[in-house]
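Use these hints to put chain B onto chain A, whose structure you have.
Residues per chain, in single letters:
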Amino acid sequence: MPEHGDLPIDLRLDRYYDEVFLGDPAGSGKDALDPSLAATVRRLRELDAVEPANPEFASKLWKDLVLAQDTAIDNRAREISFAAANPVQSRIRSLPWPDFKVPGERRKWFVAQFAMAALLVITLVASWFTFRPGQHNPGTPNSDSDMPMVYGNPARTGVQPGPGPAGKPHLLWRFQTFANIFDSAVIVNGVAYIGNTDGLLIAIDTKTGKERWRAKPGASLVGAAAVAGGTVYAQSSDGLFAVDAETGVKLWDFTVYPGYDSTPVVVDGAVYMSTRNAGSPAVVDGVVYVGGDADSTFYAVDAATGAELWQTKATTNGLYALDAATGAMIWQFITNSTVRSGPAVLDGTAYFGTKDGIVHALDIANVAERWQVTIGGDVRSSPTVVDGTIYIGGPYGDLYALDTATGKERWRSPIGNTDEASPAVVDGIVYAGGNDALRALDASNGQELWNVFISFEAYGFPRTEPDEGPVVVGGVVYLSEGTSLVAFGN
Amino acid sequence: VQFGFRPQPPVETGGKQVPDDGDLVACAKLDPRAFEPLYLRYIDLVYGYCYRRLGCREAAEDATSLVFQRALEALPGFRGGIFRAWLLIIAQHAITDTYRRAHPYETLASAELVVDPAPAPEEIALLADERRLLLAALPFLSIDERRVMELRLSGLRSTEVAIVLERSADSVRQVQLRATKHLQALLRINESTKEARNA
Numbered sequence: 001m002p003e004h005g006d007l008p009i010d011l012r013l014d015r016y017y018d019e020v021f022l023g024d025p026a027g028s029g030k031d032a033l034d035p036s037l038a039a040t041v042r043r044l045r046e047l048d049a050v051e052p053a054n055p056e057f058a059s060k061l062w063k064d065l066v067l068a069q070d071t072a073i074d075n076r077a078r079e080i081s082f083a084a085a086n087p088v089q090s091r092i093r094s095l096p097w098p099d100f101k102v103p104g105e106r107r108k109w110f111v112a113q114f115a116m117a118a119l120l121v122i123t124l125v126a127s128w129f130t131f132r133p134g135q136h137n138p139g140t141p142n143s144d145s146d147m148p149m150v151y152g153n154p155a156r157t158g159v160q161p162g163p164g165p166a167g168k169p170h171l172l173w174r175f176q177t178f179a180n181i182f183d184s185a186v187i188v189n190g191v192a193y194i195g196n197t198d199g200l201l202i203a204i205d206t207k208t209g210k211e212r213w214r215a216k217p218g219a220s221l222v223g224a225a226a227v228a229g230g231t232v233y234a235q236s237s238d239g240l241f242a243v244d245a246e247t248g249v250k251l252w253d254f255t256v257y258p259g260y261d262s263t264p265v266v267v268d269g270a271v272y273m274s275t276r277n278a279g280s281p282a283v284v285d286g287v288v289y290v291g292g293d294a295d296s297t298f299y300a301v302d303a304a305t306g307a308e309l310w311q312t313k314a315t316t317n318g319l320y321a322l323d324a325a326t327g328a329m330i331w332q333f334i335t336n337s338t339v340r341s342g343p344a345v346l347d348g349t350a351y352f353g354t355k356d357g358i359v360h361a362l363d364i365a366n367v368a369e370r371w372q373v374t375i376g377g378d379v380r381s382s383p384t385v386v387d388g389t390i391y392i393g394g395p396y397g398d399l400y401a402l403d404t405a406t407g408k409e410r411w412r413s414p415i416g417n418t419d420e421a422s423p424a425v426v427d428g429i430v431y432a433g434g435n436d437a438l439r440a441l442d443a444s445n446g447q448e449l450w451n452v453f454i455s456f457e458a459y460g461f462p463r464t465e466p467d468e469g470p471v472v473v474g475g476v477v478y479l480s481e482g483t484s485l486v487a488f489g490n
Numbered sequence: 001v002q003f004g005f006r007p008q009p010p011v012e013t014g015g016k017q018v019p020d021d022g023d024l025v026a027c028a029k030l031d032p033r034a035f036e037p038l039y040l041r042y043i044d045l046v047y048g049y050c051y052r053r054l055g056c057r058e059a060a061e062d063a064t065s066l067v068f069q070r071a072l073e074a075l076p077g078f079r080g081g082i083f084r085a086w087l088l089i090i091a092q093h094a095i096t097d098t099y100r101r102a103h104p105y106e107t108l109a110s111a112e113l114v115v116d117p118a119p120a121p122e123e124i125a126l127l128a129d130e131r132r133l134l135l136a137a138l139p140f141l142s143i144d145e146r147r148v149m150e151l152r153l154s155g156l157r158s159t160e161v162a163i164v165l166e167r168s169a170d171s172v173r174q175v176q177l178r179a180t181k182h183l184q185a186l187l188r189i190n191e192s193t194k195e196a197r198n199a
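Chains as they are written, first to last, in our numbering: chain A, 1 to 490; chain B, 1 to 199.
With the rest of the complex left out, here is chain A (with noise of 0.2 angstroms):
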């Protein structure tokens, strides 16, 4: 048992804060605390002194809380005893028949209704031309030139469709969200799909900038989204989200609380969930994978219906391996300290970061460490694999490029506070994006091709848990820049 003087500053505060606020009896290391401190927290008990509730709105308000459960309740018993009753009249009140009061009214409104399915009529026969089999269709799986997940793949290892602009790029277009984006815009079929902090799920076509669509699905959206059969997944804080890509009307919900998210990889019939990472599901076969919760659960939903196929729970930091068909535990790995970076899956190998600065491989067989190498700082920074090497970013705003065999360092580049966002490498060219610069390197020594200057900006909060990289498609750089999404290309 450590002596109180050993604890963070911080760790030992709280702890006092817990004895004062909240009468935790021991542990408050009161006696290691800086005493002017301690005083301040026991002044700002005796200041905080809000009244509870009145006690007659209380009372009251509960009171208004049941009339209104009683209410609902009487309305569906009596729906439901009219509906048994009257099968056919409880169908045609359910129509949606307007009060007709003004004479003439009625034959208005039948000629409106003809107007109105002449419209739908050749609304169809219009889509079906536009649509029709072996043209452009949003239910087609996706090509080549997309990037329907994050980190490119289900097994995340970063792979980017290209090809990279030619030279040095200018900026396109900057669309503007007014509200955090926390990480990176997937794109398929030519629309980029991004979500912000304000719950906005936005569809930007990528030629022109505009927007196509925006949906409300849900609270605030801190991951990716994931694009597969023409239709868009995304986590918010409440939940988990299916909208059609092309119109932007929500499908389904499933209910996910917030707490620790994860960014699932999926290979060979097998999930790899760490406990802490960002919120971006994975959509592989038909089925959506997912985490949260505050006890880090682990989900599989269906994603034509959201209907939930398995749950499983992790216990603690680390790696866990599940079957993929029925959430059973395969392995799990514990690590000391959160895994916030990764895991990238190729060849059987798992490469990841955890928060205590060290970047791991893992032989995925054998659940055994290849290597470890510590690189400092909290790794939060994905890897990207290509070629043998594992792209990172470190503390100090480096990027590292380690050799996947041994964990050894081949080269690294100070580019500026990267320690977030994970660099995408297309050609020989790794792409990453700092707070003030795009910047291009040369995969193979770390060099500098050129550089973009972008400026930083936050709305409203400061960024808490950034974790975009730049996404390189048809010659053009997207990345998430503060409150928007920047296109650079020539």
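It cannot be assumed that every hint is accurate.
Derived list of chain B stretches under chain A, where covered just means 3 residues or more per stretch with a C-beta under 8 angstroms from a C-beta of chain A [claimed, not checked]:
hint, region
1, 50-61
2, 72-83
3, 93-101
4, 149-159
5, 173-184
Rather than coming from a laboratory, the hints here were simulated on the basis of the structure. The beta-carbon is built from N, C-alpha and C at its ideal position, and this holds for glycine as well.
Below, chain B alone, put in the same frame as chain A:
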């Protein structure tokens, strides 16, 4: 009926165990009327938090009503976890909505800064009512610090604050440390102004 959230001295329950939130939620899912014990347990927590955010009784009562209405509606979807953190996540949204309803033409950014305009630090001392001193000092903190302190003063643990604010517990503790030092300085300004006036 006794309303009260702040930890009370242990009550003799005659060997009976006080039911925990999870059991109560399970009962309330079957029958909304069984929500009453949870309501009694948390009305002061929710009201206190709304009061600290909104700074006035009427607005806090409006927001509290909204929180419990929404909580009852959303209860069937509650899948476990810490109930009171869940309740305060609802409260966060309800407070923003209450504020927006009262100020329909303001931007979202100002909705984040919900508290009445604050006096200058030296003027805090002139507040006749010392009980408003802390409420008057809170607007001098950064938004981050305020969000953490409002939840902490309402009686949440730092791990629960982390859940409500979607941050790591580490960062919540760091912010708490900064906020405490900040408040310490503000209260010191207050004391010295008071002394100067008395001299």
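Between the region 93-101 of chain B and chain A, are there enough contacts, at least three residues with CB-CB distance under 8 angstroms, for the coverage claim to hold? Our answer is that it is violated, as 1 residues pass the Cβ test (under 8 angstroms) against chain A, missing three.
Can the region 72-83 of chain B be counted as covered by chain A under the rule of three residues or more with Cβ-Cβ separation shorter than 8 angstroms? It holds, with 7 qualifying residues against the three required.
Proximity test - 8 angstroms, beta-carbon atoms, the region 173-184 of chain B to chain A, at least three hits: It holds: at least three residues are needed, and the region 173-184 of chain B offers 8 whose Cβ sits within less than 8 angstroms of chain A.
Within the assertion that chain A covers the region 149-159 of chain B, do at least three residues meet a Cβ-to-Cβ distance smaller than 8 angstroms? With 5 residues closer than 8 angstroms to chain A, the region 149-159 of chain B meets the three-residue bar; holds.
Verify the coverage statement for the region 50-61 of chain B against chain A, using a C-beta to C-beta distance below 8 angstroms and requiring 3 or more qualifying residues. It holds, with 4 qualifying residues against the three required.
When held up to the earlier numbered hints, the structure conflicts with hint 3 and nothing else.
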